[in-house]
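Fit chains F and A to the known structure of chain X by using the hints.
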Amino acid sequence: MSYSMWILLTASLVGVCCGLVGVLLILRRMAMMADAISHSVLLGIVVAYLMTLQLSGIHMFIGAIVAGLATALLVQAFNQLGVQQEASIGIVFTTLFAIAVILIATKAGNAHLDIQHSLMGEITFIPWNTVQLPLLGAVPWAVVSLSAVLIVILLVLLLFYKEWKLTSFDAVFAASIGIPVTLMHYLFMSLVSLTSVAAFDAVGAIMVVAMLITPASAAYLWTDKLSVMLVLSCSFGVISAWGGYYGALWLDTSISGAMAFATGIIFMISFVVAPRYGIIAKYRRVSPTQALSK
Amino acid sequence: MNLLSYNAQWVLLSTLLLGMAAGAVGVLSYWKRQSLMSDTLSHAALPGVVIGFMIVGSKQLPIMLLAAAISALVGAWLVQTIRGSSRVKEDAAMGIVLSVFFGLGIMLLTFANRMPGGGQSGLDHFIFGQAAAMVQSDVVTMMLVAGIVLLIVVLLLKEWKITLFDASYAQGLGFSVKMMNSLYTALLVLVVVVGIQAVGVILLAALMIIPAVSARYWSNSFSIMLLLSVCFGGGSGVLGTLISTWGKGWPTGPFIVVTAAVLFVVSLLFGTSKGLVTVWYYRRRQTIEKQKHALKAVIASELGEGAHQ
Amino acid sequence: MSAVITVNDMNAAYRKSEVLSNVNFDVNAGTLTAIVGPNGAGKSTLIKSMLDLHPRSSGEVAFWGQRYQAVKKRIGYVPQRGSVDWDFPTDALDVVMMGLYGSIGWLKRPGKGHREQAMEALRSMGMELYANRQISQLSGGQQQRVFLARALVQDADIYFLDEPLAGVDAATEHIIMNTLQQLRDRGRTVIVVHHDLQTVEDYYDHVLLLNRTVIAHGATGDVFTTDQLVKTYGGALRWLREKV
Chain X
1 MSYSMWILLT
11 ASLVGVCCGL
21 VGVLLILRRM
31 AMMADAISHS
41 VLLGIVVAYL
51 MTLQLSGIHM
61 FIGAIVAGLA
71 TALLVQAFNQ
81 LGVQQEASIG
91 IVFTTLFAIA
101 VILIATKAGN
111 AHLDIQHSLM
121 GEITFIPWNT
131 VQLPLLGAVP
141 WAVVSLSAVL
151 IVILLVLLLF
161 YKEWKLTSFD
171 AVFAASIGIP
181 VTLMHYLFMS
191 LVSLTSVAAF
201 DAVGAIMVVA
211 MLITPASAAY
221 LWTDKLSVML
231 VLSCSFGVIS
241 AWGGYYGALW
251 LDTSISGAMA
261 FATGIIFMIS
271 FVVAPRYGII
281 AKYRRVSPTQ
291 ALSK
Chain F
295 MNLLSYNAQW
305 VLLSTLLLGM
315 AAGAVGVLSY
325 WKRQSLMSDT
335 LSHAALPGVV
345 IGFMIVGSKQ
355 LPIMLLAAAI
365 SALVGAWLVQ
375 TIRGSSRVKE
385 DAAMGIVLSV
395 FFGLGIMLLT
405 FANRMPGGGQ
415 SGLDHFIFGQ
425 AAAMVQSDVV
435 TMMLVAGIVL
445 LIVVLLLKEW
455 KITLFDASYA
465 QGLGFSVKMM
475 NSLYTALLVL
485 VVVVGIQAVG
495 VILLAALMII
505 PAVSARYWSN
515 SFSIMLLLSV
525 CFGGGSGVLG
535 TLISTWGKGW
545 PTGPFIVVTA
555 AVLFVVSLLF
565 GTSKGLVTVW
575 YYRRRQTIEK
585 QKHALKAVIA
595 SELGEGAHQ
Chain A
604 MSAVITVNDM
614 NAAYRKSEVL
624 SNVNFDVNAG
634 TLTAIVGPNG
644 AGKSTLIKSM
654 LDLHPRSSGE
664 VAFWGQRYQA
674 VKKRIGYVPQ
684 RGSVDWDFPT
694 DALDVVMMGL
704 YGSIGWLKRP
714 GKGHREQAME
724 ALRSMGMELY
734 ANRQISQLSG
744 GQQQRVFLAR
754 ALVQDADIYF
764 LDEPLAGVDA
774 ATEHIIMNTL
784 QQLRDRGRTV
794 IVVHHDLQTV
804 EDYYDHVLLL
814 NRTVIAHGAT
824 GDVFTTDQLV
834 KTYGGALRWL
844 REKV
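Chains as they are written, first to last, in the working numbering: chain X, 1 to 294; chain F, 295 to 603; chain A, 604 to 847.
Chain X on its own, in the form it takes in the complex (with noise of 0.2 Å):
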C-alpha cells in the first residue's frame, strides 16, 4: 500500500466511524456532548499515559473511555443538582481538558504528548507507526486500532438497532416497555470516547467534532429513514475526507483542518439543494395542507 493510500484509508474509516456514531448523537440532541467528549478524553490518554509511561495501545482506550464516562456521569450530576444541561457540560469539559494541559505543561514536559497533536492530529505521520500483522504484514496503527472500533461500532449498532432508534425517539416510552434507557445512554457515551480517541491520532479533536456532526447533519437533511442517514453519513464522511485530502495537498496547508471544512462544504450544499428539506425546495413549496391532500 502506497503511503498515500494509507492516509486516505485511516481518513475513510474515521468517515466511517464518526458517520455512524454522528447520526445518533444528533438525533438524540448530544452533538455538543461530542464536542465536550472529544476534549476530556484528552486528561484521560494524559493519566493513562503518567500511569503506564506508553504513548500507544490498549491503556490510551481505556484512559479515553474512563474519561468519557466520567464526563458524561459528572454532566448528568450537574444537571440533576439543577444546573443547565449546557452549562454542566460546559463545566465538566473545559475543567477536565485545563487540567490536561496542566499536567502535560508541567509534569510530561519531556514526554512526546503535545498538544497541539491531540488538538490537530498528525495524520502526515500515521503511515509510519506500524504493527505487525499476521497475514497482512506492516500496518499502521491507527488502521488497525480504527476498524477495531469500526467493527464494535457494527456490532453495537446493528445488533441493537431497534432499541438504539427507538431510545432516540421516545426515550420514556422506551423506558416504559422496559428498554434500560440510561444503560444505553452510557453505554453510546462509551461508543463516542471510544471513536473519539481513535479518530484522535488521525484528524486531532476538533476534526473529530466535525467528523461526527457534519456529515450526519448534512444527510439529516436528504432523508426520512434512519438507514439511509446512517449509509449517506458514512458517504459524506468519506468524500470529505478524501476531498479535503487532495485539497490540502493542492493548498499545501493543514490536512486535518482541511477535512473538516470540507465536511462544511458538503453541509452547506445540502442546505441549500436537498429535496424537500433543502433552502430550495422550502421555498418552492406549496403549503402544507395541500401537499398531504396530493
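Everything labelled a hint here was simulated from the structure, so no lab data went into it. Glycine residues also receive a C-beta, built at the ideal position from the N, C-alpha and C atoms. Among the clues, some could well be false.
[Stated by the list, open to error] 30 Å max Cα-Cα, derived DSSO-like pairs, lysine-lysine: (1) K584(F) / K834(A); (2) K542(F) / K107(X); (3) K383(F) / K282(X); (4) K225(X) / K282(X); (5) K162(X) / K676(A); (6) K162(X) / K107(X); (7) K162(X) / K711(A); (8) K676(A) / K225(X); (9) K452(F) / K326(F); (10) K383(F) / K455(F); (11) K452(F) / K568(F); (12) K383(F) / K162(X).
[Unchecked claim] Computed footprint of chain X on chain F; a stretch qualifies when at least three of its residues, placed anywhere within it, have a C-beta under 8 Å from a C-beta of chain X: (13) 473–483; (14) 492–500; (15) 558–572.
[Unchecked claim] Sample of chain X residues facing chain A (criterion: CB under 7 Å; computed from the structure): (16) V66; (17) D170; (18) M229; (19) V231.
Only chains F and A this time, still in chain X's reference frame:
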C-alpha cells in the same frame, strides 16, 4: 515574571478585567440558556484572527480583534440560520459552526505561519492563551473593551432582567427585545474576542460559564448573582494568572479555569442559597425541629389524658 | 370486582417540594377512570411515580398484587405529546411498530407479522393511509392517533394516558374516546389524565380528583359533584396564594 514589574501589573489588570467582563456576560448567557454559544463563537473567531493577521502582515491587535469579531458574528448568524431554516437542531448547528470554522482557521494558520512575521508565537497563543506575552498597548485595548462591556451590562441592569425572564411580557411593556438580543450578541462577541487572549479559544467557554453558575449558589437575586459572577470571574483571572507565573512558559488559560472550577465546587457545596452542604444542614435542623414538635405534642396529649382521668 | 391497581401512602417530590402526599386509591378491572385536577396538582407525576418513571419518596404501588417491574409488559403508557422529536426520520407505521419492540425482544428484527399487526392498529385509528408519512407531516390529532395505535399494539391489560385529547380535533377525540371505551368493555383497565371538566361525565365511569393528594375517587356519579370539585380546585387557589 517579576510580580512587581510594570508589565506584570498590566497583565494582571487585564486578566482581572477580562474575568469580570466574562463573568458579567456569562450570567446573561446562562439565563438565555445559551451557555455553550461562547464556546462556539470562540472557535468561530479563529479564522478572523488569522485573516486579520494576514491582511495587515503583522500582529496588530485591534485589527485582529475586529476581524475576529466579524468572524464570530458570521458564525453566530450561521447558527441561527441553520437552526431556523432547517430541521437541524441548535446543538448540531453550534457543533457544525464550531468545528468547521475552526478547521478553516487551522487551514489559514498554516498559510500564515509561512508568512514572514507569522511563526508559532503570536497566533498559537490564541489557542491556549498567554496573557503574559501581551504588550502594553494590547492590554490597553482590552481594558477598554472590557470596560465598555461592564458598563453596558450595569447600565441596562433592569432591561436585562426583564427581557431575560419574560421576553414576551417585556415586549408588551415596550422594551425592544430585539435590540436587547442584538446588544447581547455584540457583548458576547466582544468578550469572546478579547477573552481568548487570556485563556485561549478552547477554554474561553469556561470563563463564561463557571463563574456565572457558581454565583447561583449564593443568591436568588439577579443583581447579586451578577455582582458575584463578576467577582468570581475577576478573581479567577487574577489568581489563575498569578499561579501560572510559577512555571516557565506555562499557559495562563488552564490555571484560570481550574481556579474558577475550585471556586465552583466551593460554591456548590457551601453556597448560602443552594449549596449542598448548606441545604443539608438546614434540612437537618428542620427535621430536628419537627421531631421536637411532634414529641412535645405527644407528651402534651399524654398529660392531657392523665389530667382528665 | 377485584382491584387491579392499589396505591398506598404514596409520596413524591420534585427537587425540593412535595408534589404528591399521602396518595391512596384502588382501581378495578374493566373501568375507564379520569384523573382530574388543577394545574400543578401532580397528575402527570402520579402516573410517572406509579410507573417507576419518577422516584417515589415513600409508599407502595401494586399491579395485580405485584411490583410494576414484574408486570411491565402488561401495562401500556401514552405520555404527553411534548417529549418526542417530530423531525426524527420515522414514519407512522414505524412508530406503531415500536410498540412491539418489547415483545419482539433483543437481537431480533421485526417481521411481516409485526408489520401486519401495526397496520391493523393504524386501521383501527383510521390512519392506514398515512402509514408511510413522516410524522412531522401529520396534524396534532393524527399524531395522537398514531401514538394511541402504538399503545394498542402492545395489547396491554392496563393503559395510562396523559392528556391524550390535548389540542386534538373533534374527529380524533371521538375516535380516541371510542377506542378507550371499547377497551374498557373488553375488560381492560384505562386511566386517563383528562383536562376538560365538561366532558368527564360523558366519557368516564370513574373519577379520581387530585390536588397533590386524593380529594375523592370512585364512580363518576358519586364523586363528580360540585362540592368535591370546589374542594379540588378551590384548594388550588389557596396553594397558589401560598407560593406567591
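Consistency of the hints with the structure:
1. Distance hint between K584(F) and K834(A) is fulfilled; the C-alpha atoms sit about 28 Å from each other, no more than 30 Å.
2. Between K542(F) and K107(X) the CA atoms are separated by roughly 13 Å; this keeps the pair inside 30 Å, and the hint holds.
3. Taking the CA atoms of K383(F) and K282(X), the gap is near 17 Å; set against the 30 Å cutoff, the hint holds.
4. Of the pairs offered as hints, the one joining K225(X) and K282(X) holds, with about 19 Å between alpha carbons and a cut-off of 30 Å not exceeded.
5. Distance hint between K162(X) and K676(A) is fulfilled; the C-alpha atoms sit about 17 Å from each other, no more than 30 Å.
6. About 47 Å separates the Cα atoms of K162(X) and K107(X), which puts this hinted pair outside 30 Å; it is violated.
7. Between K162(X) and K711(A) the CA atoms are separated by roughly 9 Å; this keeps the pair inside 30 Å, and the hint holds.
8. For the hint linking K676(A) to K225(X), the alpha-carbon distance of about 28 Å falls within 30 Å, and the restraint holds.
9. For the suggested pair K452(F) and K326(F), the alpha carbons sit about 15 Å apart, so the restraint of at most 30 Å is met.
10. Annotation: proposed proximity of K383(F) to K455(F) holds, straight-line Cα distance about 27 Å (limit 30 Å).
11. For the hint linking K452(F) to K568(F), the alpha-carbon distance of about 24 Å falls within 30 Å, and the restraint holds.
12. With a CA separation close to 23 Å, the supplied pair K383(F) and K162(X) stays within the 30 Å bound.
13. By the rule of at least three residues with a Cβ nearer than 8 Å to a Cβ of chain X, the coverage given for the segment 473–483 of chain F is violated, with 0 such residues.
14. For the segment 492–500 of chain F, the stated coverage by chain X is satisfied: 4 residues place a CB nearer than 8 Å to a CB of that chain, which reaches the threshold of 3.
15. A count of 4 residues in the segment 558–572 of chain F with a Cβ less than 8 Å from any Cβ of chain X is obtained; the coverage claim is therefore met, three being the minimum.
16. Annotation: V66(X) was flagged as interfacial toward chain A, and the flag is violated, the nearest CB pair being 27 Å apart, outside 7 Å.
17. The beta carbon of D170(X) comes within 5 Å of a beta carbon in chain A, closer than 7 Å, and the hint placing it at the interface holds.
18. Interface hint status for M229(X): upheld, as the beta-carbon distance to the closest one in chain A is roughly 6 Å, under 7 Å.
19. Of the supplied interface hints, the one on V231(X) is violated, with its beta-carbon coming no nearer than about 12 Å to a beta-carbon of chain A, more than 7 Å.
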